[in-house]
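Chemist: So you can see what is in the structure, the chains are spelled out below.
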Amino acid sequence: MRYEAPSREEDAVALLAGQSGAHVLAGGTDLLVKLRSEMIEPGLIVDIKRIAGMREIVPEAGGWRIGAGVSGAEMGEHEGLRADWPGVVEAAGLIGSTQIQGRATIAGNLCNASPAADSVPAMVAAGAMVRIVGPKGVREMPVIEVPQGPGKTALEPGEFVASVFLPPRAPRSGDCYLRFIPRSEMDIAVVGCGLWLALDDADRVTSARVVLGAVGPKVIEVAEAADALIGRGLDDAALGDLAAACSKAATPMDDKRGTVDFRRHVSGVLARRAAGIAAKRAKGETA
Amino acid sequence: MSQIHVTTQINGDATEFLCDPGETLMDVLRDRLGLTGTKEGCGTGDCGACTVAVDGRLVCSCLMLGAEAEGRDVATIEGMASGDQLHPLQQKFIEMAALQCGICTPGILVAAKSLLERNPDPTEEEVRYWLAGNLCRCTGYDKIIRAVLETAADMRRAS
Amino acid sequence: MALDDTKKTRDFKVIGTRPDRPDGIDKVTGRARFGADMVLPGMLTGRVLRSPHAHARIRSIDTSKAEALSGVKAVVTRADFDAVPDDMADILDNCMAGEKALYDGHAVAAVAATSAAVARRALKLIEVDCEVLPHVTDVDAAMEADAPVLHDGRQQETVPEGMSQNVIARSEFGHGDVEAGLAKADRVVARTFRTAATHQGYIEPHACVATMSSDGQGDLWVCTQGHYMVRNTCAAILGLEQGQLRVTASEIGGGFGGKTAVFLEPVALMLARKSGRPVKMVMSRSEVLRASGPTSSTSIDVRIGMTKGGRITAGMAELRYQGGAWPGSPVDMGAMSAFAPYDLENVKTIGWDVVTNRPKAAAYRAPGAPMAAFAVESTIDELARGFGLDPLEVRLMNGADEGTKASYGPTYPAIGLKATLEAAKAHPHWTAPLGENQGRGVACGFWFNFGGDTCVSLNITPDGTVTVSEGNPDIGGSRASMTMMAAEELGIPYDQVRTIIADTGSLGQNEVTDGSRVTFAVGLATIEAARAAKREMCRRAAMVWGIDEDAVDWEDGAARPAGPNAGKFPPMTLKEIAAIASNTGGPIAGHHEVNAEGAGVSFATHMVDVELDRETGSTKILRYTVLQDAGKAVHPSYVEGQFQGGAVQGIGWALNEEYIYGKDGVLQNPGFLDYRIPVASDLPMIDTVILEIPNPGHPYGVRGVGETSIVPPLAAIANAVSQAAGVRMTDLPLSPPKVLSALRGNAGA
Chain A
1 MRYEAPSREE
11 DAVALLAGQS
21 GAHVLAGGTD
31 LLVKLRSEMI
41 EPGLIVDIKR
51 IAGMREIVPE
61 AGGWRIGAGV
71 SGAEMGEHEG
81 LRADWPGVVE
91 AAGLIGSTQI
101 QGRATIAGNL
111 CNASPAADSV
121 PAMVAAGAMV
131 RIVGPKGVRE
141 MPVIEVPQGP
151 GKTALEPGEF
161 VASVFLPPRA
171 PRSGDCYLRF
181 IPRSEMDIAV
191 VGCGLWLALD
201 DADRVTSARV
211 VLGAVGPKVI
221 EVAEAADALI
231 GRGLDDAALG
241 DLAAACSKAA
251 TPMDDKRGTV
261 DFRRHVSGVL
271 ARRAAGIAAK
281 RAKGETA
Chain B
288 MSQIHVTTQI
298 NGDATEFLCD
308 PGETLMDVLR
318 DRLGLTGTKE
328 GCGTGDCGAC
338 TVAVDGRLVC
348 SCLMLGAEAE
358 GRDVATIEGM
368 ASGDQLHPLQ
378 QKFIEMAALQ
388 CGICTPGILV
398 AAKSLLERNP
408 DPTEEEVRYW
418 LAGNLCRCTG
428 YDKIIRAVLE
438 TAADMRRAS
Chain C
447 MALDDTKKTR
457 DFKVIGTRPD
467 RPDGIDKVTG
477 RARFGADMVL
487 PGMLTGRVLR
497 SPHAHARIRS
507 IDTSKAEALS
517 GVKAVVTRAD
527 FDAVPDDMAD
537 ILDNCMAGEK
547 ALYDGHAVAA
557 VAATSAAVAR
567 RALKLIEVDC
577 EVLPHVTDVD
587 AAMEADAPVL
597 HDGRQQETVP
607 EGMSQNVIAR
617 SEFGHGDVEA
627 GLAKADRVVA
637 RTFRTAATHQ
647 GYIEPHACVA
657 TMSSDGQGDL
667 WVCTQGHYMV
677 RNTCAAILGL
687 EQGQLRVTAS
697 EIGGGFGGKT
707 AVFLEPVALM
717 LARKSGRPVK
727 MVMSRSEVLR
737 ASGPTSSTSI
747 DVRIGMTKGG
757 RITAGMAELR
767 YQGGAWPGSP
777 VDMGAMSAFA
787 PYDLENVKTI
797 GWDVVTNRPK
807 AAAYRAPGAP
817 MAAFAVESTI
827 DELARGFGLD
837 PLEVRLMNGA
847 DEGTKASYGP
857 TYPAIGLKAT
867 LEAAKAHPHW
877 TAPLGENQGR
887 GVACGFWFNF
897 GGDTCVSLNI
907 TPDGTVTVSE
917 GNPDIGGSRA
927 SMTMMAAEEL
937 GIPYDQVRTI
947 IADTGSLGQN
957 EVTDGSRVTF
967 AVGLATIEAA
977 RAAKREMCRR
987 AAMVWGIDED
997 AVDWEDGAAR
1007 PAGPNAGKFP
1017 PMTLKEIAAI
1027 ASNTGGPIAG
1037 HHEVNAEGAG
1047 VSFATHMVDV
1057 ELDRETGSTK
1067 ILRYTVLQDA
1077 GKAVHPSYVE
1087 GQFQGGAVQG
1097 IGWALNEEYI
1107 YGKDGVLQNP
1117 GFLDYRIPVA
1127 SDLPMIDTVI
1137 LEIPNPGHPY
1147 GVRGVGETSI
1157 VPPLAAIANA
1167 VSQAAGVRMT
1177 DLPLSPPKVL
1187 SALRGNAGA
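Residue numbers (my numbering), protein chains in the order written: chain A, 1 to 287; chain B, 288 to 446; chain C, 447 to 1195.
Rather than coming from a laboratory, the hints here were simulated on the basis of the structure. Treat the hints loosely; a few may be bogus.
To be verified - Covered stretches of chain C (in silico footprint by chain A; criterion: 3 or more residues with CB under 8 Å from a CB of chain A, positions within the stretch not fixed):
#: 1; segment: 1102–1114
#: 2; segment: 1122–1132
#: 3; segment: 1178–1184
Stated by the list, open to error - Chain C is nowhere near these chain B residues, computed Cβ spacing over 10 Å in every case:
#: 4; residue: F304
#: 5; residue: D342
#: 6; residue: G358
#: 7; residue: E437
#: 8; residue: D441
Nothing here was measured: the structure is a model prediction, and the numbers come from that model. Each residue gets a CB set at the ideal place from its N, CA and C atoms; glycine is no exception.
With the hints as extra help, turn the sequences into a complete structure.
Modeler: Rendered as structure tokens:
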């Protein structure tokens, strides 16, 4: 096995394209677990953190561009990002412990393609895009199109995610991510829910995205759940319809972390709670 | 498989080592540099016994390659005391019986020190969440949390 | 050994204080050397090949390709081991599979190589030809007549004919007439309870470094709760003489009973013997969970009758414990302890020891007792609440006292159960208001406490400081306790004594660190060793003074004439006597060897408040109080630590921890990610109340305190959750899906 830490994107692409089975190393918190347990035995590891811009959060077109090497802890310490997309930041902040936060990245969380990835539902709810660089150049892709199933992504050989773009936050809108885990920390999500919504002056929802994690082979955007909110205030009836739509859309399985019934039910519970928090944020109340 | 030459700083000392590309920082510290205060409890980032600070940020050294330490500044438990002068957290952990078997203690001390550097006046809840990635099976955490809170109070009074 | 006559009036100077532990600085600076921290010149890395199958017949193992790999210095399979004595057969079989692999993770071969990477590659080159057999991992399923059978011919005569061969033994305890007693009850509750297997979860994986020479001499460095046990077991398995194998205990990163068995050690010695080089072996976390010694999963039927006034008329429990792939689950201790806190006329317990395709159970803190207490204490709670009675009052009314004939046989001397219940009643926790969706549970717990073979050697140095050698690894402050007891007895300051853990060449036989025995038994031996040294020092003083040695007393660290008739001499301090030791007959020491008896049983009452999230089934522990009898707390901080640690392990057992096996018999959660032990943010502070009802069997009144604290939490939490949920919870762990399902069933949703 070789380890390379190129300083230019094109060198990283050349390395990745030049060897099949090469793996990208960003935060390494998933990659090294797989490496040590011999789930993977790559011939080459390409550490992208020394490439210019990979460890930066920069304003861009009213939104934020987050380099693929930026850790969850760095996102949590970024006031501008926290103010605009608290749901994405809290989702990133839920990935593992303080120590994991020192390394784990949202780009890595996305490319690891675990159905239970915390940051992915939040990014999809935020309408995030990724910038992918590869042998054929640069392309942009909505986050939701990246995961293709457990461990599978839409990336072509030689490609890697260089950054995540969070768009400008619309006025009177807010986001939130909630997950259910058995303990208070250190678990993988049993259910995750990312939710973004915008309100009009009468606090009726004008637009929303509701996204579930850990209840299907990949993240699920639930259009029916968003429809259940749009045009309505967040009253019990609307929230009940939201929850029902989420429970219905969830396609979970029974495993060591939870049962089908539990996950379906909790999908609705989390969506309802997340909607309440996102609405407060949209109104500028602290939540 | 050729080895990688790494130049780094460990506990303030310029250090060079050779490592295999797939070797973790924890393996390098323990097996190549003799810094066995960093412990392996799980190898998957779930227990925190291998906690070190890299460029001032906590990481699980089992989840970082040794090669990634090139040019970085690594702080381990061995660098926490100054000579024979214990760090106040180390002193308080002994005084308050905040350890039983002691295997998780190095990781917890490194993590707690980092917390107090960022937040000299943490709440109990903040200490508990900051240390959630450091498993301790002996103490039930009670005396650990108290020791961190008391050290923080002492350090605030002293400054 | 009787409690000191002076005890009741004794004014301790060191006992009961909270000095810094002597190994503290090593442990906060990273200097302390644990199992994996040892390095020897020329050391090889050993690794184990483990069965991916729950049950398989091994037809053949071809190691030739592995042996041919560059850097491989030895490969070991069962064929390398000779036949062993009967009492070692199961142990060897667990360390290295014979005809069959009996559980997922069972060792089938091992290699020693020049690096971990080479060892890993070598394991992949070992070819195992095996026939996969049907398996069974559930205790009730294993008892079915048509269950896959692990062993033939192991069933004991106590088991009725016609039962599965997996049922190894039946035991029975109790007295009186249970059916007649139940007939007198106003209400009888009968329920079945289940608990999942849990693991001790020590943070330090098993590790050792072995050296073995062709002349039969060996050295072993190992993290263990009992290096004498390791010596004796390894010597028997490898055909060595015990005196030729020296075992040194490393610092130990937690054990809780899980390090009272051997796993890697005989294999490491065999690899060292074959390779002629030191071999280090360290388990990964997944190996620890798959292939060390978790506790039993259980299935327990309970029937208890109570009058509406709260008097228990009879109690009956039938306990089924699977202990993994070999006989020896802790079901007897469960059956003996189930009703131990109560004074009952009619009581009976039956225990069934069952084998399954799981790793062999090892001890886990009060082995067997927490599950039994969960079943019995839950049933008592249901009866008490059903009659609208105060659950503490019901326990006081039925509680055991001095003179009670225990359900497992003996009659109790002075015990502390009622003191813990009275303390619970008086504690502000008991009367604090509860909020919405909150519940409060209480439960009692019991543990026997052990004594056993113990040696202590205490030496006076020429400058008059004191060294104590003991043979039990310091798993949580015992160096401090021994130092304190030696200082107390000698009347010298704590810092004038240093205690070390001696290797197996330095002391006689020592029982493992188990059964909460160390502070009691090693403490007792330390005190007796100090007394022997005092006698010798008095003799030396008498010699110098020219008076009879009976005319010399020891007080406050000095020899003194016993009374005015003995003569007028200024006291001779320990240091003064030490300084002239060479001229008065030579070095001064005291030692004591004993099979310690009189450990003194231990009781606790726990109280817990929980809050349920009714929409997710999640349980939060809001408040927790432990009230336990310590006999005499030697170092109160470490006594509190034992109370707190046991309570939190119990919280994990009650809420989240479980061994999850797939249909294929493979462990699904062999890591700290999904084997979910409590993290700091899950918990509140754990309040403690130390009661001190002196143990008549120890000179200072000490009782073991380590284990009782894990016995009540399962029931206390289940009682609290049941109250908050309005549904009786009988199946541990109380994971959110289970609680939510109960809540929704109850709400008709």
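Chemist: Just pull the numbers of the violated hints for me, sorted ascending.
Modeler: Per hint list: zero violations.
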